[in-house]
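Chemist: Sequence:
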Amino acid sequence: MRVRRRGTVAATAALALLLGACSEPGTSTDPDPTPASESSSTGTPSKDPTTDPTVPVADPAHAVDPPGKRKDRLWSADVLVQWDKALDAATIKKIEKLKGVAHTERIGLGQVSLENRVLTVASVDPGAYRLFTRADVADFQEAWDRVAGGEMATDKTIGKRLADKDGMIRLGSDDAAPTLHVGAYTPQIPTIDMVVNTAWADDIEMATDNGLLISTDRISPASIRKPLEKLVGKDASVQMLDVASRLGLDPDARLTAIPTGGTLGSVVGTFRYRVIGGGRIAPDPAWVAANIRTEVVPILGSVTCHKDLFPQLRAALLEVQQLGLADEIHPGEYAGCYYPRFIANTTTLSNHSFGLALDLNVPGNQRGTVGEMSRAVVSVFKTWGFAWGGDWRYTDPMHFELAEVKRVG
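Numbering (numbering that gives the first Met the number 0) for the sequence shown: 0 to 408.
Everything labelled a hint here was simulated from the structure, so no lab data went into it. This structure is a prediction, so every number in the text was calculated from the model and none was measured. Be aware that one or more of the hints could be misleading.
Said to hold, decoys possible - FRET-style restraints, in silico, Cβ to Cβ:
1. G367 <-> T90: 45 to 51 Å
2. E228 <-> V369: 46 to 52 Å
3. A375 <-> I91: 53 to 59 Å
4. T178 <-> E332: 34 to 40 Å
The beta carbon of each residue, even a glycine, is placed where N, CA and C say it ideally should be.
Please build the complete structure, drawing on both the sequences and the hints.
Modeler: In structure tokens, the structure reads:
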């Protein structure tokens, strides 16, 4: 039940750190962020001793009942199942009757694109979800009180990259995307990057029950894989989290991304893919056939992108030509648009995987630099709904990505 409570967000120290772009950032010399609650350098959740023990409610409009002290036993997070729609009660009952399934918890799952990183958000009941986390995380009471109060829990690495100086993260590239305060830095369940309570689901345009956490307790999760996959069908993603904890994902799973709301959600839809090695992925051929096109555009010539990118890309490049700026874009230094693979050295998708981003004038616009990109060209692309990586904290000035769908003509 959602309840409205009163309170204010505790003041937080600055979180002005360099952010990640298309690949892992370099070493930053900026200080660590210090929100009201954080994890230590060892990954153990810890409490700021200066924080008032009475946890304030950050957002009464997005608050749910606080979970109280943990009383129930903990469960291992062994399997994560994701659908592109709400789970039906009959299927859940069948799953719970499978030999080896000890405990389950419904959660919502969705993906948001933040500065070219496609991250997974889980909408949860804080009191029930905490039982699938590590003991020290589950008993970090302030973290779960803050999630219940409308704040976000995430790990320190993501917070460093994405939170602003006030500890806020916008969940999406659209101006209207909701912005949440980071209330706690805690280690997360494998494949999940951020946790919010279910009261946020409507605003983020994500489900509250399209995912299922399964504990097999003392039985090997692999023992239930085949019967579970047979039961849930080909449209569901079944990930073994013990494998994901070592590799960043389960390479044997047919993975699913469901971008939430805004531009990404409306354009991409449900995105299924398999890992094929070497950092590459193989998107569902049906999705590729329906969405990816090769067309000729001004200045660059023939490019392969998402079909919905072309109207705005063509309009931007035509305007660049009309302004006499065509020489500012070098076709020989164009590095592609549709590129189905993970960000280098990660298991994180980028907007290139959807064909919704392009890299221009690569040699002179390396990550972490101000770059040489013409600011007049940048202005034109922004007018036509593109975000520019040069605006990010960890800059990526070669990178342009679709941030807003605009009508052309």
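Chemist: Name the hints, by number, that the structure is in violation of.
Modeler: none
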